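**Q** Sequence:
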Amino acid sequence: MNNQSLLIVVICHNNERRLIARSAMIKLAFVIFDQEGNKTVNDKDIGTILRSLGLCPTETELTDLINQLENNPPNGIVSYERLLPVVRDILLSGKFGILPKEEIIRAFQVFDPKKTGFVDQEVLREHLLIKGKSESFTLEEVNEMLFCATDPSKNKIDYHEYAARLADITKT
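Going by the working numbering, the first residue of the sequence shown is number 561, and it counts up by one from there.
I should point out that these hints are in silico values taken from the structure, not numbers from a laboratory. One thing to keep in mind: the hints can contain errors.
Unchecked claim - With a straight-line cut-off of 27 angstroms between C-alpha atoms, the simulated BS3-like cross-links for lysine-lysine are:
no.: 1; residue 1: Lys655; residue 2: Lys674
no.: 2; residue 1: Lys714; residue 2: Lys675
no.: 3; residue 1: Lys716; residue 2: Lys661
no.: 4; residue 1: Lys655; residue 2: Lys599
no.: 5; residue 1: Lys716; residue 2: Lys674
no.: 6; residue 1: Lys674; residue 2: Lys714
no.: 7; residue 1: Lys675; residue 2: Lys655
no.: 8; residue 1: Lys674; residue 2: Lys587
Unchecked claim - Ranges between beta-carbon positions, derived for each pair:
no.: 9; residue 1: Asn635; residue 2: Lys714; range: 38 to 46 angstroms
no.: 10; residue 1: Thr620; residue 2: Asp649; range: 14 to 22 angstroms
no.: 11; residue 1: Gly597; residue 2: Glu721; range: 17 to 25 angstroms
no.: 12; residue 1: Val646; residue 2: Phe671; range: 42 to 50 angstroms
no.: 13; residue 1: Leu706; residue 2: Ala584; range: 23 to 31 angstroms
no.: 14; residue 1: Thr618; residue 2: Leu699; range: 14 to 22 angstroms
no.: 15; residue 1: Cys616; residue 2: Ile637; range: 32 to 40 angstroms
no.: 16; residue 1: Glu682; residue 2: Arg642; range: 35 to 43 angstroms
no.: 17; residue 1: Glu596; residue 2: Arg666; range: 24 to 32 angstroms
In this text the structure is predicted, and so the values were computed from the model without any measurement. Beta carbons are placed, not taken as given, at the ideal position from N, Cα and C, and that holds for glycine.
All chains, please: the whole structure from these sequences, using the hints.
**A** Structural data, given as structure tokens:
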């Protein structure tokens, strides 16, 4: 086997591993919301599932995706069978991609004028729930994000660590 063939095998193997890892991430996120254990979720959970995978769709993109995933006629339910290939393709393509780590850190620094590297979760909750923005968050979305981001021993978000986790999730 020449070097070029070996390189192609390594690339294919790495892509296959990446695909398997992403499929496992999708399944883990899906199972959390599969309340009935029947491989279906409520369409209202799709945004949270995507965000837990490090994806950032707009509300319009999310609505379009849900319309694509739902049964015909729509019944508010999305199956794992329909979700997996679509979300796997989204992860592989970089669509709904996450911001680079440095941009995430700069966004958090707005709430950290002393540049301590930490943001109080209540301060962030207050700002995320401000109404009147075109892409406002629900209380449930904010609480889920804060649950994932907050260091429970300090009740603060170490935004350097959190930004690194977010930036790395789509590279797995």
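**Q** None of the hints should be skipped; say for each whether it holds.
**A** Status of the hints after comparison with the structure:
1. Lys655 / Lys674: The given pair, whose Cα atoms are some 34 angstroms apart, is violated under the 27 angstroms limit.
2. Lys714 / Lys675: 16 angstroms, holds
3. Lys716 / Lys661: 19 angstroms, holds
4. Lys655 / Lys599: 25 angstroms, holds
5. Lys716 / Lys674: 14 angstroms, holds
6. Lys674 / Lys714: 17 angstroms, holds
7. Lys675 / Lys655: Violated, at about 31 angstroms.
8. Lys674 / Lys587: 40 angstroms, violated
9. Asn635 / Lys714: 38 to 46 angstroms: The hint (38 to 46 angstroms, Cβ to Cβ) holds, given that Asn635 and Lys714 are roughly 43 angstroms apart.
10. Thr620 / Asp649: 14 to 22 angstroms: Between Thr620 and Asp649, where Cβ atoms are some 19 angstroms apart, the hint holds.
11. Gly597 / Glu721: 17 to 25 angstroms: For Gly597 and Glu721 the Cβ distance comes to about 33 angstroms; the hint is violated.
12. Val646 / Phe671: 42 to 50 angstroms: 34 angstroms, violated
13. Leu706 / Ala584: 23 to 31 angstroms: Given about 25 angstroms between the Cβ atoms, the range holds.
14. Thr618 / Leu699: 14 to 22 angstroms: For Leu699 against Thr618, whose Cβ atoms are near 20 angstroms apart, the range 14 to 22 angstroms holds.
15. Cys616 / Ile637: 32 to 40 angstroms: 24 angstroms, violated
16. Glu682 / Arg642: 35 to 43 angstroms: 38 angstroms, holds
17. Glu596 / Arg666: 24 to 32 angstroms: 42 angstroms, violated
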